[in-house]
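Residues per chain, in single letters:
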Amino acid sequence: MRLPLSLLAALGAAVLSGLAAVGRVTLFALATFRHMLSPPFYGREFLVALGNVGWLSLPVVGLTAFFTGGALALQIYAGGARFDAQAVVPQIVALGMVRELGPVLVGLMIAARVTSSIAAEIATMKVTEQIDALVTLSTHPMKYLTVPRVLAGIVAVPLLVGLGDIIGIFGGFTVGVQSLGFNPSVYIRNTWDFLEPLDVISSLVKGLAFGFIATLMGCYAGMRSGRGAQGVGRATKASVEGASVLILAANFLLTGVFFSL
Amino acid sequence: MIELAGVTKSFGANRVLAGVDLSVGRGRSLVVIGGSGTGKSVLLKCILGLEAPDAGRITVDGRDAATGDREAFLACFGMLFQGGALFDSLPVWQNVSFRLLRGALKRPRAEAREIAIEKLRRVGLSPDVADKVPAELSGGMQKRVGLARAIAADPQIIFFDEPTTGLDPIMSGVINDLIREIVSEMGATALTITHDMTSVRAIADEVAMLHGGVIRWTGPVAALDASGDPYVDQFIHGRAEGPIAALR
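Protein chains in written order, with the UniProt record's numbering: chain A, 1 to 261; chain B, 1 to 248.
Rather than coming from a laboratory, the hints here were simulated on the basis of the structure.
Backbone N, C-alpha and C define an ideal beta-carbon position, used for all residues, glycine too.
Wrong hints could be hidden among the right ones.
[As the list claims (entries may be wrong)] Quick look at which bits of chain A chain B covers, simulated, 3 or more residues with Cβ under 8 Å: (1) 125 to 131; (2) 136 to 150.
[What the hints assert, rightly or not] In the DSSO-like style, the derived pairs of lysine-lysine whose C-alpha atoms are separated by at most 27 Å in a straight line are: (3) K106(B) to K143(A); (4) K143(A) to K132(B); (5) K237(A) to K143(A); (6) K132(B) to K106(B).
If we strip away everything but chain A, and leave its shape as in the complex, we get:
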């Protein structure tokens, strides 16, 4: 009897802890929005964050999208051959990249590259009393550290997703034309004709949501970091785990919303 009860207690504790974490993240997000809407605004910090989140993520996002688009073309061609549907490669690559793989892969790449970096940087600042120093210098850490990074995520990640979509389609096009014998102009026309504005809008909206989640989780974990190197390590790990799970959950919800339109 004791074992089932203790298992139930452990489960209850885990649920309560999870709910408390959801509450803390929600309050952190609300505080971030509140600070976004009131001065002072740190334009220079925003531009630096924009460079880190957007520009410096381009190589990894581009390569990921290109290889994924290429692999997708091969898979669809091989799978389509089973029921004589190889011709739909351009349409399915475009739809798959724009509606699903582009935003999700870019979101996860941003979680790996940007969320971890933000969490480690802010956690180190906390451990070395730099956050306390900010406060004593009359600078609110939320305004100076969190708001510029989250805004940069909201602005840069949709652009990265758009670029990732294009590069992914180009990866499929390259494989389709070079290896699978598609006519280039037919491939492009089929891609262009098949995509609808809502596909692109859903992709960019997902990018906006994922950018917000990725940067917010990095800031949140960094600000809540424990002491020492272990605290920084835990904060970094927690930020990537949290951002990845939330990005996938948000993708599911947003896909459901756009699917119903």
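We have chain A; now place chain B onto it with these hints.
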């Protein structure tokens, strides 16, 4: 000028401050001594609002530290952190003039840079340090940059958190002398926490000993050796035997 009355602060079951009463007069230099883990840093953080006291009252110039305009309140303070707490991502001059580049005290960038270089010179650093990043500096130089940042906006009150920790004796002496000179010439009120007795004798007008969460003794630095308090005696002479347990 700075008054603490019955300030308490606990972290879970650990009661760090158990009713601290302390007063620092305008333009005076008070050094708080005490062993590691006795709550000296927590005391400073409570005054600055970085930690919220559980009970008690802290006033600065008669103003309650917990209420009112935080930015105006903090504008009175400069602080030298134990590890320097310099911003890694900014060059030295922007660290020093951080407060002058944004907020109510904002100046044009060129003027802020000039002030930063002047303050660096004041703490014995040459202008070529201005464009380096903190990681390129030695521990002693980082402390000096931290000191330059603390005095950049000519604050009325300066806090020094373990200013000589991690420095060799010669560099400690340099930092101590700088603190004494700067506090005297600025006419600032200084509150220093340390367990370095050389610093105490170099910096302090008055000394207070924090032990067991309360101020055990307070008096002028000249009276330190004749305090008659066994806790103070044990601490200033660094004896293993005495009322203060060696293992904490």
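For each hint, the structure was consulted:
no.	hint	in the structure
1	125 to 131	holds (count 4)
2	136 to 150	holds (count 4)
3	K106(B) to K143(A)	holds (17 Å)
4	K143(A) to K132(B)	holds (26 Å)
5	K237(A) to K143(A)	holds (24 Å)
6	K132(B) to K106(B)	holds (22 Å)
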